[in-house]
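Enquirer: Top line first, the protein sequences correspond to chains A and B.
The first sequence begins at 146 in the numbering used here and counts up by one.
The second sequence begins at 146 in the numbering used here and counts up by one.
Heads up, some of the hints might be wrong.
Since the list gives no way to pick one copy over another, a pair counts as held whenever it fits inside one copy or between any two copies.
In silico lysine to any residue, SDA-like type, Cα no more than 25 Å apart, as pairs [claimed, not checked]:
(1) 309 / 326
(2) 329 / 451
(3) 329 / 199
(4) 388 / 424
(5) 472 / 199
For the record, the hints were derived by calculation from the structure and aren't laboratory data.
2 protein chains.
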Amino acid sequence: MESAGSNSSQVIRCSIQDNQLVINWRDGTQSRYHALWLRDNAPDARDTRNGQRLLESIDIPANIQAASAKLTDDGQIEIGWAEAHEHSRFSPEWLRAHAYSNHQQAEANCWRVLWDGTLYSLPRAHFSEIAQGGAALRDWLDTVQTYGFALLHGVPTESQALLKVVDLFGYVRETNYGRYFDVKSVVNPNNLAYTGLALSPHTDNPYREPVPTLQLLHCLAAVDNGGHSTVVDGFYVAETLRKQAPEQFALLATLPVQFHFQDQTTDLLAEAPLIRLDARGSLAAIRYNNRSIAPFNFAPEQMDAYYAAYLAFGRLINDPANQIAFKLAPGDLFMVDNERVLHGRTGFSSSGNRHLQGCYADRDGLSSTLRVLRRES
Amino acid sequence: MESAGSNSSQVIRCSIQDNQLVINWRDGTQSRYHALWLRDNAPDARDTRNGQRLLESIDIPANIQAASAKLTDDGQIEIGWAEAHEHSRFSPEWLRAHAYSNHQQAEANCWRVLWDGTLYSLPRAHFSEIAQGGAALRDWLDTVQTYGFALLHGVPTESQALLKVVDLFGYVRETNYGRYFDVKSVVNPNNLAYTGLALSPHTDNPYREPVPTLQLLHCLAAVDNGGHSTVVDGFYVAETLRKQAPEQFALLATLPVQFHFQDQTTDLLAEAPLIRLDARGSLAAIRYNNRSIAPFNFAPEQMDAYYAAYLAFGRLINDPANQIAFKLAPGDLFMVDNERVLHGRTGFSSSGNRHLQGCYADRDGLSSTLRVLRRES
């Protein structure tokens, strides 16, 4: 049997054993593929234009038998089926890339860098650079994905300029606050954001489901005293709690709490644990907002333990050692992953004319744009 | 001590025991409130304009002591604090409504009605009625929340008319497909939706995170043969699987799978279990799309068991006994909860001019509008 493909995807031998395709690669490793998996993923059952699967998986006979495997003259691996369907062809490169028997489950979020207040240099870029697209945009978006936030300088100090930043990678998530909203001190605010009060670090809109996964804040006017922005890596803080007090971490990841926001025309309510884990137990989302969290509604015997966990988490979040503070100048903007990085501000005189504009967007557009930009590099 | 309040919130006696407020109500029940919970939720620590909490919970002394409780002349319950802060006043009605010691954890989703193909009458309304707002809109939105889908008749057969339906309750979720998209047969489709092929029941955009939680499809032109719409209650089907094969249900709720969509300008990838449970083990979301699911990447020893579970779930979804089929006429629209109800269609001639417009929106706007409309009734 001849070898085919290049580098690691060169096939030395292929055969059927126990109704599995067994491939020995030139680098000495071996991969195994179940017959049902092969039939389900056969290229001849996919639309050639868009790659979507044309067959219904449930229509494959559950006991489908792979009868033979051979390397064709043009270097493909051809599986002969015992069933009516004659054969399917796979490229060695594709099989190597999807060799589930060889690798650990992908560590999904290995690109994340967790940080505390010692992060020495704030991730930042300039609007005029990223507006060109290409590597500059790619690197800035990568920063947001890696650190959960990034700064941008030189955004035009015009109303709605932050929407141009969103246009570079995705789509605005419109809400009852509009496509964008003005953050400044007003009379009769329906939200404490619209006062000069300090805001401790929080995630936005925890009373919404789904929560907006990205938030942008753009400075149009600053004040001399106060109004500094703060950010905290909620994942770093949660991992700290997981180490320090695993039982408290588990409570926050398990017991749902409610968040509530009401005004004349709006009544938003969501219920979720403060910490959401994915199916592998990795951090998926932080939801924390001491202003809009509803009175706890646990069984009485859980109340003391939950409060202890909640306050331990809150102390970590409010610990200056875990925070980065910076002052936005007009034209500066920062973007946070709103399910990971908490943001806040120090107080300022409510007579000052500090003026930010904010908007929401979602991570799916960002990560799609990032993947497309990486194709080009 | 005199009684105050009305009906169930009439207080017979209040006292402090074990650092908890103990209230005996006129109806014979008793409620208990931890001192820390009371201080954390004291009305005097909330903004009078918007109800948001002004104090930082972490600033409350962890050992805060409630020294006294009394009923005031104006019928409030006044807690005297041993700390510097003198006292806090609560209304009996509010305390009764938040009496966490008395009730079971709220059954969050008790308003859901699960259904199979025998649902005898399709939930439906007329656009001209719900466009007036009020009870008609409330009832239609309630139907979507209860059943996970609803039909609407009489939507103007004009492009973008479906956006007017979204305007009645929420906000469009814009994606790479635009604010809305046309579903008709085209040359060189980037998606099988844009062919005349049958589409088995699926949720839309499983390769996106967050998934759009609502989808609307509006018929502008129908064909004589085929092109029927189908819907399946994914929660009913998942509960069926949970009963029939709990270990298969558990696999689908635990092992993450990937969904992928790529074209020239887009590269969307998300990873999640097909079934998402909330912290209480209730169904939170279904994500199922046999066309865009990526090759499974489990450890080899999990592959057979996962395929058995995946195909069992797929057979239930594709079982006509679990499906409702209906044919949209021009002017008809249906909306689904895209994390619960799967939708599909039967095939039609790709030379026919069947034309739907679709768009996405989110549940938060819907449930907020519903709560506000219920205030008025």
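Enquirer: Measure nothing new, just compare the shortest in-copy and cross-copy C-alpha distances for residue 309 and residue 326 to 25 Å and report within, between, both or neither.
Expert: Both ways: residue 309 and residue 326 sit 15 Å apart in one copy and 23 Å across, limit 25 Å.
Enquirer: Please work out whether the CA atoms of residue 472 and residue 199 approach to 25 Å or closer within one copy, between two copies, in both situations, or in neither?
Expert: This pair counts as between: shortest inter-copy Cα distance 23 Å, intra-copy 54 Å.
Enquirer: For residue 388 vs residue 424, is the C-alpha pair at or below 25 Å within one copy, between two copies, both, or neither?
Expert: both (19 Å within a copy, 21 Å between copies)
Enquirer: Under a CA distance limit of 25 Å, which applies to residue 329 and residue 199: within one copy, between copies, both, or neither?
Expert: between (53 Å within a copy, 18 Å between copies)
Enquirer: With 25 Å as the alpha-carbon cut-off, assign the pair residue 329 and residue 451 to within, between, both or neither.
Expert: The answer is neither: 35 Å in one copy and 53 Å across copies each exceed 25 Å.
In this structure, the one hint that does not hold is number 2.
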